[in-house]
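*Asks:* As they're listed, the protein sequences go chains A and B.
Its first residue numbered 0, the first sequence is counted upward by one per residue in numbering that gives the first Met the number 0.
Its first residue numbered 0, the second sequence is counted upward by one per residue in numbering that gives the first Met the number 0.
Any given hint could be a false lead.
Which copy is meant is left open, because identical chains are indistinguishable; a pair holds if it fits in one copy or across any two.
With a straight-line cut-off of 25 Å between C-alpha atoms, the simulated DMTMM-like cross-links for lysine to aspartate or glutamate are [as the list claims (entries may be wrong)]:
1. 55 <-> 181
2. 55 <-> 71
3. 55 <-> 86
4. 55 <-> 25
5. 55 <-> 29
6. 55 <-> 13
7. 55 <-> 199
8. 55 <-> 143
9. 55 <-> 191
Don't read these hints as lab results, they were simulated from the structure.
Number of protein chains: 2
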Amino acid sequence: MSTGKSDRGNETRELLLVTAERLFAEYGVEAVSNRQVSEAAGQSNNFAVGYHFGTKDDLVVAIVRCHSESVERRRTDMLAEITSSPDLRDWVSCIVRPLTEHLASLGSPTWYARFIAQVTTHPAYRERVVNEAVSTRSMQQTLEGILRLAPRLPEEVRQERSYMGRLMIVHMCAERERALHEGTAPPRSTWESTAAGLVDALVGVWLAPVTARR
Amino acid sequence: MSTGKSDRGNETRELLLVTAERLFAEYGVEAVSNRQVSEAAGQSNNFAVGYHFGTKDDLVVAIVRCHSESVERRRTDMLAEITSSPDLRDWVSCIVRPLTEHLASLGSPTWYARFIAQVTTHPAYRERVVNEAVSTRSMQQTLEGILRLAPRLPEEVRQERSYMGRLMIVHMCAERERALHEGTAPPRSTWESTAAGLVDALVGVWLAPVTARR
């Protein structure tokens, strides 16, 4: 009996997560209330989000965690494979491919890329999401690998390029996800070639000479 | 008398534009209603936006037009100066600097960069905004200059890199504007050096070799 109750609890939790991800992806985190998430998930209790997750902030982080474990695992595996590769492309791939491969593994439609684009554009949510999804151990290791192989860059340029890379990955994936969902022709035919385009461009960003400082 | 009335009309219009830009920049276009814009602008008539602009779509485009004339003029002047320069940096500068110089000319605080980041992330507004602000004659000329000097790229890669460049410019400018507004240390100390960092990175993106197609 107590197991049955907990199963139902998990099902409700799962349903709320999937519903919130979709609504946030389509309308933005600000535009959707916890109450609307509960209603759209068919919960008679309008406080279901509060009961299962706490604040909207906590809900956003819970959605990120649903995905970040798989992304992290893929990155850790890739890092183990490239060990101490002297090729910058290998390290840049470890930034890009864990996310694109995760998205490919979810089938269609996905909402996560658009969700991430929304929350990382929003000042109130960005910091926690970035901490959850980007400032992980495997991501730090990857970034160290890139910095070892990129030309020597001033600290503010490192930060700038790292941020630019994140922007490119997040928004290009969101763009492709949206095109797939709307049935319009996506710019690239597969997640694999989306990743290839991103890796090419990001290698270009990291190798670009610095002509002026501060 | 009729002049006075029209002056007041222009003042109201101006006030609504400034208020809408600020609210859209801070909360997103979706989260703010025309009624809230009218109220925040101190209009007793809640339909002031409708009366002066029409739909929210029209209001968004009107805000873009407030700025795009100055941005366009700067770009046209820059293009006249570089004429047929063989240096890719000059052409990439014509993408970046007209916006950063316009933002610098507005003093502080500005809202336009965050406004543009919000509307270009939003599927419903993006197309019209991109058409207004990006698909202009001077921008087309600039892009042609870049493509003349960049290595030969497949059409989908051209589009992809052009889109990546837009993302980088819009979000880096929005980021800096937000930091200035919140009084936190912006990554670069001036709009001028923000532009320099963007030009460096964008030249890297355009020169990056293509390793895989579609």
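*Asks:* Next, verify each hint and record whether it holds.
*Replies:* A quick look at each hint next to the structure:
1. Taking the closest pair of Cα atoms, residue 55 and residue 181 come within 25 Å of each other only across two copies (23 Å); inside a single copy the shortest separation is 27 Å, beyond that limit.
2. Taking the shortest alpha-carbon separations for residue 55 and residue 71, only the intra-copy value of 24 Å comes in at or below 25 Å, while the best inter-copy value is 41 Å.
3. When the C-alpha separation of residue 55 and residue 86 is checked against a cutoff of 25 Å, the pair qualifies neither within a copy, at 41 Å, nor between copies, at 49 Å.
4. Proximity of residue 55 and residue 25 under a CA criterion of 25 Å is satisfied in both settings, with 16 Å inside one chain copy and 18 Å between copies.
5. Taking the shortest Cα distances, residue 55 and residue 29 sit within 25 Å of each other both inside one copy (10 Å) and across copies (18 Å).
6. For a Cα distance limit of 25 Å, the shortest separation of residue 55 from residue 13 inside one copy, 15 Å, qualifies, whereas the shortest one across copies, 36 Å, does not.
7. Taking the shortest alpha-carbon separations for residue 55 and residue 199, neither the intra-copy value of 37 Å nor the inter-copy value of 39 Å comes in at or below 25 Å.
8. Taking CA atoms no more than 25 Å apart as the test, residue 55 paired with residue 143 passes in neither setting, with 33 Å inside one copy and 46 Å between copies.
9. In this assembly of identical chains, the alpha carbons of residue 55 and residue 191 never lie at most 25 Å apart, being 33 Å within a copy and 38 Å across copies at closest.
Comparing the model with each earlier hint shows violations of hints 3, 7, 8, 9; every other hint is respected.
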